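A.B. asks: Letter by letter, the chains look like this.
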Amino acid sequence: MENAELTREFVAEGREHLLQVEADLVNLEKSPQDHEILSRIFRAVHTIKGASGFMGLKKLEALTHAGENLLSRLRDGRMQVNQEITTLLLQLVDTLQQTMGMIESQGNDAALQHAPLTLKINRLLQNTPSTANTKLDDNRGASSPQEPSGVAAPPETAVHSEQLVAAGSASTGTPASAAETAATASQEEATGTAVSSPSTASSVAESHVRVDVGLLDRLMNLVGELVLARNQILQLSDHSGHRQLDTVAQRLNLVTTELQEEVMKTRLQPIRNAWSKLPRVVRDTSVALGRQVQLEMIGQDTELDRAIIEAIKDPMLHLVRNALDHGIEPPAERKVAGKPEAGRLCLRAYHEGGQVNIEVADDGRGILPSRVKAKALEKGLITGDQASRMSDREAFHLLFLPGFSTAEKVTNVSGRGVGMDVVKTNIEKLGGSVDIESTPGQGTVVKIKIPLTLAIIPALLVTCGDQRYAVPQVNLVELVRVEVEQRHEMIQEIMGAPVCRLRGRLLPLIYLSSVFGVGSTAGENEAVNIVVLKADQQQFGLVVDRINDTCEIVVKPLGKHLKRIPVFAGATVLGDGTVALILDVLGLAQHARVLSHAQMAEHQGMERVVGGGRTSGATQLLLCSFGEQRVAIDLSTVGRLEKIPQAKVEMSGGREVVQYRGHIMDLVRLSSMLGYAESADGDLNVVVYHAGQRPVGLVVGTIQDIVEQQIRLDTGNRRPGIRGRCIIQGRTTELVDIPAIVEAAGLMLAVES
Amino acid sequence: MSTQQELYCTFRVDRYLFGAPVTSVQEVVRHQSMTPVPLAAPEIKGLLNLRGQIVTAIDLRRRLGLPEASSGAAPVHVLLSDGDGAVSLMVDQVEDVQEVSADVIEPPPEIVEPAIRALLRGVAKRKDCLLLLLNETKAISLS
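Listed in order, the protein sequences are those of chains A and B. Residue 437 in numbering that gives the first Met the number 0 is what sits at position 438 of the first sequence, and the numbering runs on without skipping anything. Residue 64 in numbering that gives the first Met the number 0 is what sits at position 65 of the second sequence, and the numbering runs on without skipping anything.
Worth double-checking, as some hints may not be accurate.
[Claimed, not checked] Listed below are several chain B residues computed to face chain A (Cβ distance under 10 Å; list not exhaustive):
(1) Arg29
(2) His30
(3) Ser32
(4) Thr34
(5) Gly82
(6) Ala85
[Stated by the list, open to error] The calculated SDA-like cross-link candidates involving lysine to any residue, where the alpha carbons are at most 20 Å apart (straight line), are:
(7) Lys559(A) - Gly51(B)
(8) Lys559(A) - Asp81(B)
(9) Lys562(A) - Lys137(B)
(10) Lys555(A) - Ala39(B)
(11) Lys559(A) - Ala39(B)
(12) Lys264(A) - Lys555(A)
(13) Lys312(A) - Arg271(A)
(14) Lys555(A) - Leu49(B)
(15) Lys562(A) - Ala85(B)
(16) Lys448(A) - Glu351(A)
(17) Lys559(A) - Cys128(B)
(18) Lys559(A) - Lys137(B)
(19) Lys562(A) - Gly84(B)
(20) Lys559(A) - Glu42(B)
(21) Lys555(A) - Met33(B)
(22) Lys562(A) - Ala40(B)
(23) Lys559(A) - Pro41(B)
(24) Lys555(A) - Ser32(B)
(25) Lys559(A) - Ala85(B)
(26) Lys555(A) - Arg50(B)
(27) Lys562(A) - Pro37(B)
(28) Lys562(A) - Ser80(B)
(29) Lys562(A) - Asp81(B)
(30) Lys559(A) - Leu141(B)
(31) Lys29(A) - Lys276(A)
(32) Lys559(A) - Gln25(B)
(33) Lys559(A) - Ser80(B)
(34) Lys559(A) - Gly84(B)
(35) Lys555(A) - Pro37(B)
(36) Lys555(A) - Gly84(B)
(37) Lys276(A) - Arg320(A)
(38) Lys562(A) - Gly51(B)
(39) Lys562(A) - Leu141(B)
Hints listed in this document are in silico derivations from the structure and should not be mistaken for laboratory results. The model shown is predicted, which means the values in this text are computed figures rather than measured ones. Note that beta-carbon positions come from the ideal geometry of N, C-alpha and C, so glycine has one too.
Take the sequences, apply the hints, and build the full model.
C.D. replies: Here you go:
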């Protein structure tokens with residue numbers, strides 16, 4: 000148990016050191032004379048070596064020892080840092096990182112294949128000393144403190160026998176030089192220990208502790224609970240009139256609020272953590288592509304929720320690779336264009352309006368909108384007509400389409416056509432957005448906007464039926480209230496699809512109550528509340544019963560039974576302790592569109608099933624009555640319900656008609672078609688049915704209710720216009736076949752002709 | 000004859016007595032207001048707030064195809080852990096914890112509808128009635 004604890008500590012510390020070493024190595028290549036960086040790298044490797052010796056990890060110790068030898072020579076100026084050495088040292092870091100993983104999972108370094116790398120390092124050490132020394136002698140004259148010599152190895156060599164065997168087995172090196180390596184190392188070890196003075200290490204250790212992120216998550220949950228308990232106490236104290244309780248409640252309130260803020264902060268991490276790998280990536284990629292690149296990182300301390308940090312790592316990596324591969328030109332090309340040979344890649348992060356902006360900017364060749372369009376045309380992603388009408392900005396967005404790649408040839412760096420669309424989806428999953436700006440010849444900027452945290456988000460609470468739902472504010476565009484008198488003017492429907500005329504544009508509407516199949520509590524004669532939302536560049540209006548309030552909510556995941564429902568992003572606990580579902584705006588938009596297809600399919604399927612007299616899925620039915628006779632109309636055939644005063648009915652060609660929204664609408668009385676009792680005079684209840692382009696009004700007697708239920712149809716009394724009968728709400732009800740009635744009334748023909 | 004004993008938490012649903020191993024029952028909480036989930040499977044009664052944790056409640060009556068409860072008595076939540084959290088199984092009433100020895104347990108007879116049979120581990124023959132031993136993992140996983 001104790002041992003496992005020790006191992007975990009060792010691995011965590013080792014990884015931290017390696018991360019630092021990796022970053023330092025990349026920096027070192029740029030400023031090879033920086034003694035401080037070299038010493039830091041040396042100390043880190045030395046620390047790992049020392050700890051691995053203590054842990055009994057022999058192979059790891061041997062490998063770090065070889066690395067340490069190389070580093071000590073560099074530090075003392077007996078060898079110069081060059082690309083070859085940096086690559087080798089980076090390889091060492093990679094191997095050490097893998098080893099850490101190995102130790103973490105297996106508890107030892109038994110599987111480490113350290114010999115090849117140790118060999119490489121030792122070979123380098125043996126091949127170079129003379130030249131390096133000459134150089135050193137030139138620089139420092141005879142004052143060099145450690146002249147390499149072929150002195151016999153001190154006893155310490157025995158400890159590293161493994162390493163020596165590896166070196167010895169290579170025919171290139173001589174035993175003497177191998178021994179020399181070890182000798183230098185033993186001297187260095189002494190210096191190394193002295194250099195890694197406790198002061199630097201301890202200052203960090205004193206002010207920082209390592210905490211498991213799982214613990215932070217649990218703390219966060221508990222604080223959420225505390226907030227709820229606090230709210231309840233506050234409510235109690237409001238009503239009690241007990242002064243002492245009031246004071247305590249106020250104090251509890253303050254402390255809890257502060258605690259909540261502080262705990263939230265523990266989840267934030269600097270964006271540096273997402274960027275730490277990038278210098279290395281830039282270095283390796285630019286070497287592989289023959290580019291010269293200067294990487295600049297601005298705003299590394301910008302803080303983000305750690306979940307987001309994790310999620311943007313891959314997109315960042317891809318954007319950086321893309322900039323190097325497609326953006327920054329080879330040095331020769333840059334020279335011709337009159338730019339400095341080394342390209343500039345700049346990462347910038349900053350807070351703005353509760354969001355974090357991240358920019359990836361390069362000064363490369365930029366993107367030619369015409370080339371993007373040509374490529375999209377060639378791939379059949381757009382039509383020629385679309386291409387000619389497209390703005391430059393829209394053209395850049397083509398880059399985000401799946402399967403798009405402008406690279407002439409596929410390289411192993413980028414250009415497999417899976418990149419940018421994945422970047423976009425990943426960022427949008429986080430509630431963020433991506434945009435591209437580019438000036439041909441001058442460079443490209445990719446701008447990312449993401450929320451600070453996923454755990455706590457600002458939301459708008461709305462009511463639908465008797466439940467409250469939270470809508471993430473990232474998706475919110477505006478709130479529109481349509482007053483009763485404007486209702487008919489502003490909200491109209493096209494073939495059953497409701498739209499709102501908003502400032503000259505048509506906004507598709509989704510009624511939350513019908514998506515959820517719950518009764519709306521908003522009456523026919525009330526103003527309509529529309530929440531205008533955007534999802535995937537598109538806007539739509541969500542019609543809700545009431546708009547309540549805005550608040551910060553703590554997002555909690557849904558259980559596995561509910562994960563598959565696309566319209567919910569999670570759930571949250573509101574101030575009064577009730578659970579509210581969080582709407583997934585994108586999912587809702589997709590669902591509402593999908594639903595229209597699904598409903599059609601279901602409707603067709605139902606007709607077939609109903610014909611066989613068997614039960615079908617739940618159907619929404621409009622219930623009406625003609626005296627004692629009850630009839631049901633399938634709600635999906637109902638376009639609208641209207642109340643039309645008897646006085647408005649006119650006669651035309653022997654038929655009853657009314658003027659309806661600029662059309663002449665034929666009226667069909669169900670009572671006379673089906674032989675029911677005529678209902679009393681007064682306003683007519685009319686079901687508007689769309690036969691082709693023109694509306695037909697069916698006069699339906701008294702409207703009773705709208706129900707959703709499974710019906711068991713008895714087709715015994717089937718006749719023209721009646722599909723059969725069934726029991727609804729305990730009463731025998733005839734199911735009316737609207738299309739058949741319209742046809743029987745001869746109106747289908749009239750419409751078609 | 001070896002008599003292996005196991006403890007079962009017993010509860011009533013309709014006119015039947017069910018049992019789930021005590022080791023899988025996390026806790027029992029009395030009825031509280033729930034948030035219905037539109038578009039979810041009909042067995043899912045809603046979400047409840049269990050000290051800040053959001054728990055999905057499954058109606059065991061609906062799961063077993065039994066009629067809705069007629070009496071006004073509030074159902075009880077039996078919380079079972081399902082790996083990454085708790086799931087509530089809503090039952091009519093919780094009885095007590097009983098010891099059941101392995102030799103009185105029989106596999107559910109073939110005559111029981113297969114869909115229901117799949118949700119049972121077995122049937123324990125008690126003097127007064129039959130104790131239906133619930134396969135709690137299957138009962139709370141809806142496919």
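A.B. asks: Could you run down the list of hints and mark each one as holding or not?
C.D. replies: Now the hints, each set against the structure:
1. Arg29: Because about 15 Å separates Arg29(B) from the closest Cβ in chain A, which is outside the 10 Å limit, the hint is violated.
2. His30: The hint is violated - His30(B) has no Cβ within 10 Å of chain A, the shortest such distance being about 14 Å.
3. Ser32: 7 Å, holds
4. Thr34: 4 Å, holds
5. Gly82: Interface hint status for Gly82(B): holds (8 Å vs cutoff 10 Å).
6. Ala85: 9 Å, holds
7. Lys559(A) - Gly51(B): 17 Å, holds
8. Lys559(A) - Asp81(B): 10 Å, holds
9. Lys562(A) - Lys137(B): 18 Å, holds
10. Lys555(A) - Ala39(B): 18 Å, holds
11. Lys559(A) - Ala39(B): Holds: Lys559(A) and Ala39(B) sit about 12 Å apart, inside 20 Å.
12. Lys264(A) - Lys555(A): Cα-Cα ~18 Å, so holds.
13. Lys312(A) - Arg271(A): 11 Å, holds
14. Lys555(A) - Leu49(B): Holds - the C-alpha atoms of Leu49(B) and Lys555(A) are around 13 Å apart, at most 20 Å.
15. Lys562(A) - Ala85(B): 15 Å, holds
16. Lys448(A) - Glu351(A): Status holds; Cα separation ~9 Å.
17. Lys559(A) - Cys128(B): 35 Å, violated
18. Lys559(A) - Lys137(B): 14 Å, holds
19. Lys562(A) - Gly84(B): Holds: Lys562(A) and Gly84(B) sit about 14 Å apart, inside 20 Å.
20. Lys559(A) - Glu42(B): Since the Cα atoms of Lys559(A) and Glu42(B) sit roughly 14 Å apart, the hinted pair holds (cutoff 20 Å).
21. Lys555(A) - Met33(B): 16 Å, holds
22. Lys562(A) - Ala40(B): 12 Å, holds
23. Lys559(A) - Pro41(B): 15 Å, holds
24. Lys555(A) - Ser32(B): 18 Å, holds
25. Lys559(A) - Ala85(B): 11 Å, holds
26. Lys555(A) - Arg50(B): Satisfied, since the Cα-Cα distance of roughly 13 Å is no more than 20 Å.
27. Lys562(A) - Pro37(B): 13 Å, holds
28. Lys562(A) - Ser80(B): 17 Å, holds
29. Lys562(A) - Asp81(B): Status holds; Cα separation ~15 Å.
30. Lys559(A) - Leu141(B): This hinted pair holds, its Cα atoms lying about 9 Å apart.
31. Lys29(A) - Lys276(A): 17 Å, holds
32. Lys559(A) - Gln25(B): Holds, at roughly 18 Å.
33. Lys559(A) - Ser80(B): 12 Å, holds
34. Lys559(A) - Gly84(B): Since the Cα atoms of Lys559(A) and Gly84(B) sit roughly 9 Å apart, the hinted pair holds (cutoff 20 Å).
35. Lys555(A) - Pro37(B): 18 Å, holds
36. Lys555(A) - Gly84(B): Holds, at roughly 12 Å.
37. Lys276(A) - Arg320(A): 12 Å, holds
38. Lys562(A) - Gly51(B): The hint holds at about 19 Å.
39. Lys562(A) - Leu141(B): 12 Å, holds
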